Amino acid sequence: MREYLLGNAAIAKGLLEAGVGLVAGYPGTPSSEIIEMLVDLKSERSLHVEWSVNEKVALEVAAGASWTGCRAAVTMKHVGLNVAADAFMTLAYLGVGAGLVVICADDPYCHSSQNEQDSRRYAQFAGIPCLDPKNPGEAKEMAAFAFEFSEKFNIPVMLRPTTRVSHARADVEIGPNEAPHRQGKFIKNPARRVALPIHARPLHSELLAKQAVMEEALESAPWNRLALRGKVGIIASGIAGLYAEEATHELDEDISFLCIGAYPLPKKLISRMLEHVTRVMIIEELEPVVEEQVQILARIVNPNVEILGKEGFIPREGELDYFLVRNAITRMLGKDERVAPHSPAVSILPPRPPSLCAGCSHRATYYAMRKVFGKKAIYPSDIGCYTMAVNMGTVDTCLCMGASITLASGIRFGGENEGICCSLGDSTFLHGGMTGLLNAAYNKARITVTILDNSTTAMTGHQPNPGTGMTATGEATVQVSIEALAKALGAGMVETVDPYHMDEMLESFQRAKEYPGLSVIIAKQPCVIKARRSGARPKPFQVSADCKGCEVCLDLGCPAIEFENDKAKINALCAGCGVCAAICPASAIQVVAR
Amino acid sequence: MRTSECDMIIVGVGGQGVILISDVIGRAAVMAGKPVCGAETHGMAQRGGSVINHTRIGCRFSPMVASGGADVLVALEPGEALRFAHFLSPAGVALVNTRPVLPATVTCGMADYPPLPEILAPLKAQCSKVIAMDATALAEKAGTAQAMNVVMLGALAGYIPLSEEIIVQALSLVVPPRFLEANKKAFALGKAEVE
Chain A
1 MREYLLGNAA IAKGLLEAGV GLVAGYPGTP SSEIIEMLVD LKSERSLHVE
51 WSVNEKVALE VAAGASWTGC RAAVTMKHVG LNVAADAFMT LAYLGVGAGL
101 VVICADDPYC HSSQNEQDSR RYAQFAGIPC LDPKNPGEAK EMAAFAFEFS
151 EKFNIPVMLR PTTRVSHARA DVEIGPNEAP HRQGKFIKNP ARRVALPIHA
201 RPLHSELLAK QAVMEEALES APWNRLALRG KVGIIASGIA GLYAEEATHE
251 LDEDISFLCI GAYPLPKKLI SRMLEHVTRV MIIEELEPVV EEQVQILARI
301 VNPNVEILGK EGFIPREGEL DYFLVRNAIT RMLGKDERVA PHSPAVSILP
351 PRPPSLCAGC SHRATYYAMR KVFGKKAIYP SDIGCYTMAV NMGTVDTCLC
401 MGASITLASG IRFGGENEGI CCSLGDSTFL HGGMTGLLNA AYNKARITVT
451 ILDNSTTAMT GHQPNPGTGM TATGEATVQV SIEALAKALG AGMVETVDPY
501 HMDEMLESFQ RAKEYPGLSV IIAKQPCVIK ARRSGARPKP FQVSADCKGC
551 EVCLDLGCPA IEFENDKAKI NALCAGCGVC AAICPASAIQ VVAR
Chain B
595 MRTSECDMII VGVGGQGVIL ISDVIGRAAV MAGKPVCGAE THGMAQRGGS
645 VINHTRIGCR FSPMVASGGA DVLVALEPGE ALRFAHFLSP AGVALVNTRP
695 VLPATVTCGM ADYPPLPEIL APLKAQCSKV IAMDATALAE KAGTAQAMNV
745 VMLGALAGYI PLSEEIIVQA LSLVVPPRFL EANKKAFALG KAEVE
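Chains as they are written, first to last, in this note's numbering: chain A, 1 to 594; chain B, 595 to 789.
None of these hints come from the bench; they were simulated from the model. Hints may contain errors.
[As the list claims (entries may be wrong)] Computed beta-carbon distance windows for the label pairs: (1) A/Asn417 to B/Lys718: 58 to 66 Å; (2) A/Gln114 to B/Pro716: 34 to 42 Å; (3) A/Arg2 to B/Leu710: 38 to 46 Å; (4) B/Leu767 to A/Lys335: 41 to 49 Å; (5) B/Glu789 to A/Val346: 27 to 35 Å.
[Said to hold, decoys possible] Facing chain B, according to a computed beta carbon distance under 10 Å, are these residues of chain A, among others: (6) Leu6; (7) Ser166; (8) Val301; (9) Ser343.
Just so we're clear, the structure is a prediction, and the values are computed from it rather than from any experiment. Positions of the beta carbon are idealized from the N, C-alpha and C atoms, including for glycine.
Extracted from the complex, chain B is given alone in its bound form (with noise of 0.2 Å):
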């Protein structure tokens, strides 16, 4: 029996903007009236460290989605979408950020960074689609790199149970108003991605 109506897990590294995607969702299901309910990183983890959010719609239980319970993993980070891949359900979809951000034990010579497809690969068996894009590029053409995580949440948009109007209304009500075009175009290429 489902305990909510669509669960997501969003992913990236710290201080890439995990917490405005589920904020604007946040914002976007209280205003189509639906339950909604989430959980964050905060603290040491956010400098430069795995952050990881949980997404409920629909859902009046624990703010944490079950490991195989994600409907859709949103990475703003390849690696980072394999991290946490066991989250995903075998019928999720995972959208990801094709740029690698190099943690310091790569940079520092003491790790490697695996190519893309090794990560895609096993990722794609966990789950029944991967949608893989160069999102730090789509939002470097609508105008600022800092607006990837925008990109990512106009992917998002198509697979979750809220209308773009709504989403779009909540971004703008979360993005400062001299940045609110940039992150309007931003939405628009991210959501042509998985159209």
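Chain A extracted, bound-state conformation (with noise of 0.2 Å):
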């Protein structure tokens, strides 16, 4: 049977089918649909699912269950796989139980990331093998594969898919589900277990000998195909294969073509096709990976063959497309490139970038904080919705996960004298901003941190965290007071306030400048989206004739408030937060009588 698959629900399915007993991860787009998906499922599976803290927890939750004998896999964005870098290097070394898959979801062009980082580079650098699919139905295959592969090998296995792959659809064949393999016994063996450097030494050594043999076994993987044809050629990795092949069947062309899915690369294949074309291009999306190795191995084979890749042909940020990887080709084989249409009247278009919903609390407490604080004070942000509020003035950082409190810190202590206000959501605080809080009071930093606290994890798509009372399942769990967890890391004065109310939270903003050490103010109130669907429908606010058409509510930016005629109008958007009216110097601003 097939079905209509989002990328990451293909994946979802590839693991149910492979007997799947335990997945973590953090929410990170473009990866937070895989966990979502089998949380739908999960009433008819007995397996683990969870939203961990942060990807290292995640990773670390799969290794234990690994180890114990059960199918493990652990979902994450790219920059997720920092986090759980360290032990996903070490892991390398001491190997697997039962198969554990690492999900990582790459972000070429940054369509919802701070950067561009390939995966494709870590998994070389950790020795792991790495499955880089092309489209959702080769994503779920490589998942169901990837687990055997890795108990075959004793090694974790990554799957990396790209944005369009994850956030593409396709028809997609699917099966039956496998009941989770699991043993549920953990067999103590201190040698592969415990990374003590007398055991280390040996695990490198041993995952060292490891890369000839996988690379052995993935040259014949469906997903490396070589097809020997004309004398020019072109090797394609993931999705740039199929805007290649696209491209070489549209342009009708008899061009040799290696498509490559699975890494360590397949030596033998690239040989073959050195040996056969005297010009070739590598055409793959981010770091130069397959075009080093074939730079290397035509030293060997045929020094003699041109290559063609990074260097004036293929960008190294950015996603390819069809466009550009066709007249890549047409480049190469010096005909003709296509121009680009493009229509010059799109100048005339207002720009719209995302921005926060109309009665988002952010808002509220950004506007509070800019009023006490003043322009000159420094803002230290973090990773979340409220980066959009980058206009509003209170956005002046935003690093990584839980950076806004350590850089705050960094910030008080290379010298600057301003107030420092720093601000993060209640998710990225949990997930990596207790311990820079930890550090700001261990080493009293005098700052305020600002915890968002709209109590989900918004941006990805509304997840639970430990601040919730809900796991991933939706099941009821303790529900962690961030109040009480700042106080407990050692935060001076501790404040909870509704941003919706603007005098308390003016007031608490003006007590925590003034506080002479570490300050943490929580501003809480649920995120809009998350209370519209929960069935909140607040009264929306009109403006009256007393409207002096002074602007002071667009300083807000919210977007249900427009300017017609010289005065304020509320649109239908409006959520109800009533905060405009509060800042109303001429109380214009009143609820709607229903």
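Put the two chains together into one complex; each comes in its own frame, and the hints tell you how they fit.
Written as structure tokens, this is what we have:
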């Protein structure tokens, strides 16, 4: 049977068909839907699915399950692997029990990310095999294959979809799910489970020796395909292979083709290609991972072959697309490139950047923060919806999960004397902010930390976190108090306020500003999208004839407030937060009576 | 040489229901036994930003429609139609909902929203035919403004190689049962606009 599936849903289905027993992850675009799909299917399955506190935690939980004989998978976005890297690198030495699959979704072009790192480099660095799917169907097959490969070679396997695979849809063949493979017995084996130097040294040798054997086994993987035809060749990896195949099909050219979907690279197939052609182009997104290997092999196999790629043909940054790949190929063949169509009239359109929702409490918090701390203050921020408030002047930095607090500390210790008020969301605080807060308290940083607590992980699609009292599968669990946590981590002043109560918010920030040590403000109000979904329908507001057109309300940047004939007007987007009414100097905004 | 049977681009503003249209078409194509693929916008852009969806029927290559290659452009918002007009093939058709959604840059007074004729004129120069309709008003007439995307789906139905029956069947799999009647009405109103 075939079904029209999102790439991430296809991956989830692949895990189920392979008998996965545990899946852990931290939400991050473009990976989040894998666990969400599994949660939907959980009722019929006896597998453990969890949103972990962060990616490092998730990978370690999955490794523990694997060592207990349970097939396990972990999901994250590319930058999540930086957080999990500590475990990732050494797990390559220690190996697995039952199969362990690390699903790490890359985001070329930074559609929804802070960088566009290429995880194939990580796999290469760790000595871990990497499967690089080009479409949802392949991603599903690879997810199942990865477990077997992991078990056979006693090593974690990386599955690396990109945004255009995770968020692609296609008709995919689906089969029956398998009962979870789970022995449920941890077998003690210090030589393979305790990374003492005396154990690590032989394990490192073993890992290095494994590379050639794994490469040999992957040569024949169905995702590495060689078709020798003309004297000009293309070697393409992942989705770039699809663009290249489509272009050669459309151009109707007799080009030799090597499609690569599995690493370590198939050196024999590459060598056969290099022996056959006089000119070859390497087409891959981001890093020249394949190209570098081809350059090395060509020196041995055929030093005269002309190798084209990142230099002048294929960009090393951003996404590739059909047009770009087609033009690179026609240029290689000495034919005319096609000019990309564009409509000059686009310049008349207003930009439409993503923005905070009408009624979003982050907007209210930032308004109050700016009002109290002023323009000169420094506002380190973090990763979440609130980063979109960069135009409000309260987002001066965004580096990585939790870095707002630590950057704020460093800015203070670096000699900055202005006020410093940083901000991060509840999920981000629990993910990577807690250690930073502990450090700030321990080292006496005089800063204010604002936790924008909307009781969800909003940006990635409203996943629960330890502050919400609910697990990934919707079961009730301990609800961790962020206020108690902040106190326990050593903050001197900790206050929880409702950002919709502007007066209290301003007073609270004022106290924090004057506080001589580390202060924490928890701005607590549920995400408006989530509140609406759970049935909240607060009364909207409207502007009366008293409006003086002073534009103070426009300062909020709320999409529900428009200006028409020099007077404010509230449109249908109004979520009824009432913050504009609180700041209107003319008291011209009132709730609509129903 | 064509590499797909029908290429379409569906655009709009985050939250308007772009994904539903492609989901219905994808399911319908699978029912019809045709290979189908598509690419969606998730994540950051969904917060009121521009969203674009590529859907390709009868295609075994990448899920992305090439610039200048779309047979149909479906726009749930007029400005977004123009923003992505470069995807249209010269022989392509643009189906446009004329009801604007003002971006924050306009509501805050930082930018102006151009009048509709200034949006439609350059669009007409880019393709063979533009069909503009107030799909939001038609959806309201069908019983719910939410079904605006289904009005546009009804308009699209005549331009893709799938039967109306199969599309409506796929629609009923995606829409909650209690909204199905209103959605079928919306579909029919959209279809009537292009007949």
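Against the structure, the hints come out as follows:
no., hint, result
1, A/Asn417 to B/Lys718: 58 to 66 Å, "60 Å, holds"
2, A/Gln114 to B/Pro716: 34 to 42 Å, "35 Å, holds"
3, A/Arg2 to B/Leu710: 38 to 46 Å, "41 Å, holds"
4, B/Leu767 to A/Lys335: 41 to 49 Å, "46 Å, holds"
5, B/Glu789 to A/Val346: 27 to 35 Å, "31 Å, holds"
6, Leu6, "7 Å, holds"
7, Ser166, "8 Å, holds"
8, Val301, "30 Å, violated"
9, Ser343, "4 Å, holds"
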